[in-house]
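Trainee: Next come the chains, spelled out residue by residue.
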Amino acid sequence: MAQLLQFTITGLAIGMIYSLIALGFVVVWKSSGVANLSLGQLVLLLSWFTYSMLAQAGLPFYFGLPLVIVFALLLGWIIERIILRPLIAQPILSLITVTLGLAYFIEGIVVIIWPQSQASLPRLFPMETVHIGSAVVTQEYLWAALISVVLFILLSLYFRYNRMGIAMRATADDQKAVQACGIPVTKIFSRSWMFACVLAAVGGILMSSIGGIRQGLTETGLLAFSVVILGGLDSFAGAMIAGPIIGLVETVGSGYLANFIKWPEIRTVIPFIIIIIVMCVKPYGLFGENRIERI
Amino acid sequence: MDLPSGTRNYNYAEDMAIFRTKTHWFLLFALLVILFTAPLWFGNYWLSIANLIGITIIAVTGLNILTGYCGQLSIGHAGFMAVGAYTSVILTTRFNLPFLVGLICAGVMAGIIGMIFGIPSLRVKGFYLAISTIAAQAIIIWVIRGWTSVTGGYTGLEASPASIGNLILKSQTSEFFLILIITIIAIFAAKNLVRTRVGRAFVAIRDNDLAAEVMGINLFRYKLTAFFIGCFFAGIAGALLAHISRLASPEYFSFTNSVLYIGMIIIGGLGTTIGPIFGVIFFQLLNVLVTKLSPALQSAFPHLPGGFTSGIAPMLFGLAIILFLIFEPRGIAHRWQLFKSAYRFWPFSY
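From first to last, the protein sequence lines stand for chains A and B.
Those letters in the first sequence? Residues 1 to 295, by this note's numbering.
Those letters in the second sequence? Residues 1 to 350, by this note's numbering.
The hints are simulated quantities; they were obtained by calculation from the structure and are not laboratory data.
Beta carbons: idealized from backbone N, C-alpha and C, even for Gly.
Do not rely on the hints blindly, as some may be mistaken.
[Unchecked claim] Derived contacts from chain A toward chain B, CB cut-off under 7 Å, selection only: (1) G101; (2) I109; (3) I112; (4) F225; (5) M279; (6) P283.
[Said to hold, decoys possible] Pairs of lysine to any residue residues, derived as SDA-like cross-links and limited to a Cα-Cα distance of at most 20 Å, are as follows: (7) K125(B) / I276(A); (8) K282(A) / R123(B); (9) K340(B) / L28(B); (10) K22(B) / N9(B); (11) K125(B) / I277(A); (12) K170(B) / N96(B); (13) K176(A) / M164(A); (14) K187(A) / L74(A); (15) K125(B) / S94(A); (16) K30(A) / I153(A); (17) K30(A) / K125(B); (18) K282(A) / I116(B); (19) K125(B) / I273(A); (20) K125(B) / C280(A); (21) K22(B) / T7(B); (22) K125(B) / A89(A); (23) K125(B) / I92(A); (24) K176(A) / L87(A); (25) K125(B) / P91(A); (26) K282(A) / I119(B); (27) K30(A) / S156(A); (28) K176(A) / R163(A); (29) K187(A) / G165(A); (30) K282(A) / G126(B).
[To be verified] Selected chain A positions facing chain B (in silico; Cβ < 10 Å): (31) A35; (32) S94; (33) V98; (34) E265.
With the hints as constraints, model all of the structure from the sequences given.
Mentor: Rendered as structure tokens:
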């Protein structure tokens, strides 16, 4: 029983981080219709950058972490300006492949700059474990969940009240109408990429403070895809709800299935099995909008 | 357009012919002579590169039918190659079937698995389909790694060399001829397939699948046919790769390979028969260049960071995909077309 509680808590907390990264995908998809398949690589790159700032350069947290956020903003702006801007209104095939190319490019850069296979960030959160009922949880998980929820609330407020946020929602709804109102759509695209990169940075820092920085961090990207597929591609609430579900199924499922199926790494395929099931049963996800196409 | 000026068609067969003029036939003959005598002047290293190019062309031609002609993006092509490789190796080593039977079975098996994972394509497209093919790749490789009793797990399975009848193709040269012949058949089949009723249906589905359905094209049948054909090619290529390298290992069929195949058809030119050939040759030669040059650069400039040799290849591949998509989305095939029409009118090109 204690084991189940333990799995549940860690699963929910990890799932919150997936939600956070998935939100970055949803923001970009809603505003510009680009499917960003380089999420995992962005997470990896930004985690390594954090490592450079905090461990290699030895900056204090209050200076290093804001620097990471600034770098993420800059990265998002550059990616949108240089790579995605020339491809506006291209078919979806090009938009997907260009992010695959970007993913490959980032992976190469990461290997060149940080050749070591793994590293761990300096401790961001206190060491002491917390007892919840009969489960023992390290504090990282709880902080991760808390930070995710706070960021989600901040983002919701931004989209609800900020002028730019409202414009972004409007763009998601009808791009041409927004353009006719005189709102600079390209600015909104670059804003959405900056958001995606910042969310990837925060997600990466949280993930690597739990499990260290490894090449395997790119798989968080794939997990984020299963989150958006389950939640629906164009739904913020969907991503926020689907994340903990995926995290829960992943940890609880792999924790118990490991007793029955002796094949290694069952954890890595669970999200894919979920994807296939969702695709066959409810292809547009829990909260996704099933757009009716015209010829 | 495609033909030199002054070429006239007097009957339908002439109009449909691939090779129209005497120059065409002469160039084809010259190319075949060069290809079939290649082992005479290629060293072993370049012969092995040529073998790899041939195998990749077969796989990428299949992907081009699926993605370039039918518009169904598949990022799991290496997974389907793995299915073919293991099918053929298991059939030839455990059940002692002849190599050619194993090869055909590999194609059919990969095609069937491809069709199963292609079923979601009936309801979803674009990003959703891309993700479900990534899932297919991950699940296939996971099964191969886990099902140790059949597939040998991480270490893989040893494969016997290819053989036809009593002739065992052990040397690099004989393997080169085998791959060359199969590649030519594959390209020829692909070229003709896209000119048939099925191929035209694929193009209609790619351009607008709703309109195609309204015009009476059975989407269910043709999309699954596209998956079957595309994955059949992949299975053949995978089986060849396993027999040539004497090993079927999950390492050969990683997710990064699937991404590279997509990159190859993009760079070569989507939806053209010649595109995959250009794309594959471009990528493989870039790969050779990088593996030859980067150690030299590393020793010449000691200031370069430590991971330079292993990281430069993916970086350049990614960069090539991005640059081609931005500056020449129609690929090398389009440039080739421009070049041909320019020299036909020379010196009066405009």
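Trainee: Give a verdict on every hint.
Mentor: Hints, one by one, checked against the model:
1. For G101(A), the interface hint holds, since its Cβ comes within 7 Å of a Cβ in chain B; the closest pair sits about 3 Å apart.
2. Interface hint status for I109(A): upheld, as the beta-carbon distance to the closest one in chain B is roughly 6 Å, under 7 Å.
3. The interface hint given for I112(A) holds, since its Cβ lies 4 Å from the closest Cβ of chain B, which is under the 7 Å cut-off.
4. Interface restraint check: F225(A) against chain B, minimum CB-CB distance 5 Å, threshold 7 Å, status holds.
5. This hint holds: M279(A) has a C-beta 4 Å from the nearest C-beta of chain B, less than the 7 Å allowed.
6. Because the beta carbon of P283(A) sits about 5 Å from the nearest beta carbon in chain B, less than 7 Å, this interface hint is met.
7. This hinted pair checks out: K125(B) and I276(A) have alpha carbons roughly 14 Å apart, not beyond 20 Å.
8. A threshold of 20 Å between alpha carbons decides the hint, and for K282(A) with R123(B) the separation of about 10 Å falls inside it, so the pair holds.
9. For the suggested pair K340(B) and L28(B), the alpha carbons sit about 16 Å apart, so the restraint of at most 20 Å is met.
10. Between K22(B) and N9(B) the alpha-carbon distance is near 14 Å, which keeps this suggested pair within the 20 Å criterion.
11. Restraint check for K125(B) and I277(A): the C-alpha separation of about 16 Å stays at or below 20 Å, so the hint holds.
12. Restraint check for K170(B) and N96(B): satisfied, since their Cα atoms lie roughly 17 Å apart, inside the 20 Å limit.
13. In summary, the hint linking K176(A) to M164(A) is supported, as the alpha carbons are separated by about 17 Å, within the 20 Å threshold.
14. For a cut-off of 20 Å, the pair hint linking K187(A) to L74(A) stands: about 14 Å separates their Cα positions.
15. Pair hint K125(B) plus S94(A) holds up; C-alpha atoms about 14 Å apart against a cutoff of 20 Å.
16. For the given pair, K30(A) sits about 18 Å from I153(A) by alpha-carbon distance, which is consistent with the 20 Å threshold.
17. Using a Cα cut-off of 20 Å, the hinted pair K30(A) and K125(B) holds, with the two alpha carbons roughly 17 Å apart.
18. Between K282(A) and I116(B), the direct Cα distance comes to roughly 17 Å. Compliance with the 20 Å bound is thereby established for this hinted pair.
19. Proposed proximity of K125(B) and I273(A) is supported: the alpha carbons are some 18 Å apart, at most 20 Å.
20. Taking the CA atoms of K125(B) and C280(A), the gap is about 13 Å. The hint holds against a cut of 20 Å.
21. For the proposed pair K22(B) and T7(B), the alpha carbon gap of about 11 Å is at most 20 Å, so the pair holds.
22. This hinted pair checks out: K125(B) and A89(A) have alpha carbons roughly 17 Å apart, not beyond 20 Å.
23. Our distance criterion of 20 Å between C-alpha atoms is met by K125(B) and I92(A), whose separation comes to about 10 Å.
24. Under the criterion of a C-alpha separation no larger than 20 Å, the hint pairing K176(A) with L87(A) is consistent with the structure, at around 17 Å.
25. Straight-line distance between C-alpha atoms of K125(B) and P91(A) comes to about 12 Å, which keeps the hinted pair within the 20 Å bound.
26. Simply put, K282(A) and I119(B) have alpha-carbon atoms about 14 Å apart, close enough for the 20 Å limit, and the pair holds.
27. A C-alpha spacing of about 15 Å is found between K30(A) and S156(A), which places the hinted pair at or below 20 Å, so the restraint holds.
28. Taking the CA atoms of K176(A) and R163(A), the gap is about 18 Å. The hint holds against a cut of 20 Å.
29. Between K187(A) and G165(A) the alpha-carbon distance is near 12 Å, which keeps this suggested pair within the 20 Å criterion.
30. At roughly 16 Å between alpha-carbon atoms, K282(A) and G126(B) fall within 20 Å of each other, so this suggested pair holds.
31. At about 4 Å, the closest approach between the beta carbon of A35(A) and any beta carbon in chain B falls short of 10 Å, and the interface hint on this residue holds.
32. Annotation: S94(A) was flagged as interfacial toward chain B, and the flag holds, the nearest CB pair being 5 Å apart, inside 10 Å.
33. Among the interface hints, the one on V98(A) holds; its C-beta lies about 5 Å from the nearest C-beta in chain B, closer than the 10 Å criterion.
34. About 7 Å separates the beta-carbon of E265(A) from the nearest beta-carbon of chain B, less than 10 Å, and the hint is met.
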